[in-house]
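Please construct the entire structure, taking both the sequences and the accompanying hints into account.
So the sequences go chain by chain: A and B.
Position 51 of the first sequence, counting from 1, maps to 51 under the numbering used here, and the rest follow consecutively.
Numbers in the numbering used here are just positions in the second sequence, counted from 1, shifted up by 1000.
If you are wondering where the hints come from, they were derived from the structure by calculation, not from laboratory data.
Any given hint might turn out to be false.
[Stated by the list, open to error] Label-pair ranges, simulated between beta-carbon atoms:
hint: 1; chain 1: A; residue 1: 120; chain 2: B; residue 2: 1183; range: 22 to 30 Å
hint: 2; chain 1: B; residue 1: 1119; chain 2: A; residue 2: 120; range: 30 to 38 Å
hint: 3; chain 1: B; residue 1: 1006; chain 2: A; residue 2: 59; range: 55 to 63 Å
[To be verified] Sample of chain A residues facing chain B (criterion: CB under 7 Å; computed from the structure):
hint: 4; residue: 77
hint: 5; residue: 90
hint: 6; residue: 104
hint: 7; residue: 212
C-beta atoms are modelled at their ideal positions from N, C-alpha and C, and glycine is treated no differently.
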Amino acid sequence: MSLLTADSVSKNFGALNALKGVGLSLESGQVLGVIGPNGSGKTTLFNVITGVYKADGGKVTFEGRRITGMATHEICRLGLVKTSQIAKPFARMTVLENVFVGGLYGRGLSLTRAREDAYEILEMVGLADVVHQPSGSINVAMRRRLELARALACGPKVILLDENMAGLTPAEIDGALELLHGINKNGVSLVVVEHVMQAVMGISEYVIVLDYGEKIAEGTPDEVVNNRRVIEAYLGEEYA
Amino acid sequence: MSRGLVTGLVLAAVLAVLPFVWPGYHLSLLTIIFYWIGLAACWNLMCGYTGYIDFGSAAYTGVGAYVAGILMIRLHLPLAVSILAAGMGAALVALAVGWPTLRLRGAYFAIATFALAEALKQVAEEWASLTEGGIGMTFTIRLDEMTYYWLYLGLSGLVVGLTWWIEHHKHGYGLKAIHEDEEAAAQVGVGTHVLKIKTYALTAFFIGILGSLEANRLGYFKPDDVFDVHITIKMVIMSLLGGMGTVIGPVFGASFLQIIEDILGAEFINYYLVIVGVIIVVVIMFMPNGVARTILLRFKKPAGAEK
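Structure, rendered in structure tokens:
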């Protein structure tokens, strides 16, 4: 049985059909990539799965349980956690406190346990040196890692990463990929939305491609990059 | 920490015996100061920490006054019962109002709560068979002046203590996360809506108690007095002056503004509002985080000092 499934999910914003019956399925331990041009519905899909938006159709299940219509914080506590495309640290809290909140609420840990846990996670993602700095003062690469650390603090089974590597240098991307591999090895399944092809192709075992709110292709990374419709969507018909 | 506790206890003891040393006029000033510390601390606990600006807090002083007034004057219930009921009545109104309005962000929440307080004032005006309308209600049973002082001291101490406790526990972090970014807070498991409503109802409970006690202390009240928008404005300004989202901010802001009002109100009756206005503008320009926070930051040890 799949860990996470989305079944013909649709979402409209007024006359705009942002998602037209998109499905995905994630197995335990898997890394699933979601790619597509700007405005293809990737972020919307994540937002519908995690209850930020209410779906207009279709259903989402997690561990066999229907989660469509549940609130974001309830979904988080089940173990399905999202990171945001625009890193949103709690700017006036320290880096440690940011992660601490995840442990307190996402996992329901005690103050002491959540604090210890936060230190450990920050060590793991390489933010040990800045734990006591206000999170508004750290750079973009660090914010991305903080976003990930905060998600990890919630004790997730699945993390949905929404362009967690956007704006990073190639070297930073390599570091981030290594980190994600490590997290995945520890048993956390990942769904990765990414613009950076190098990143998503390097880590995903299976990829789905969205365009104008529809799934136009899926398969292994190799299959997908040679798919005619995918090339059309990215580069235009004349290159296909 | 234990040193802080000892300091707190000594301070409480000194404040508790103060009326014996300083009776008369000073007692009434002190009484009013602690009344306002209580109100401002309530406002700060909800609005200072979550960033939701309540512009209708006078709704709860009003509801408190009327619940207590109706129970005591019409039903002849004892004062303690009526005051407690006043708090619960205010909390119930806050629950009913908070449920829909705490989904509204920013200015919408402020406008909705402002409208609520005005609407409740109208209800109190019109429903004369219950509230005596614009004629107002008069309490026949009152406490002696000293008791009001102790009650306000105790209540404001309780709310400030509660704020301190919340600041250092799970709820405080949740509230601050809501203030920073509500969507991100939900993403890490904070049940934002319920947490806001709980906090709102809790602070309304104390505002209701304080409002009912103050109406009782003054002996007579009418809708204009207890639903007065100036009550709300004072709570906002006191929190703002002292420092929103800090434990000590409203204590500082309320004492400061009330003392200034007292001195200037006596010396410069015609100009004191102008002077108070100038002080507020200056503080906001030069200490946008409030006086308490600015001072605290100056003395705070470098980053990472927290134990």
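The hints, checked one at a time:
Remark: the range hint 22 to 30 Å for residue 120 of chain A to residue 1183 of chain B is upheld by a beta-carbon distance near 26 Å. Distance hint check: the CB atoms of residue 1119 of chain B and residue 120 of chain A are about 52 Å apart, inconsistent with the given range 30 to 38 Å. Hint check: residue 1006 of chain B to residue 59 of chain A, Cβ distance near 59 Å, so the stated range 55 to 63 Å holds. For residue 77 of chain A, the suggested interface contact is upheld, since its CB lies about 5 Å from the closest CB of chain B, less than 7 Å.
At its closest, the beta carbon of residue 90 of chain A sits 4 Å from a beta carbon of chain B; the interface hint therefore holds under the 7 Å criterion. Hint status for residue 104 of chain A: holds, given a least beta-carbon distance of 5 Å to chain B, under 7 Å. Contact between residue 212 of chain A and chain B, as hinted, is not supported at the beta carbon level, the nearest pair being about 25 Å apart and thus beyond 7 Å.
The structure does not agree with the numbered hints 2, 7 stated previously, though it agrees with the rest.
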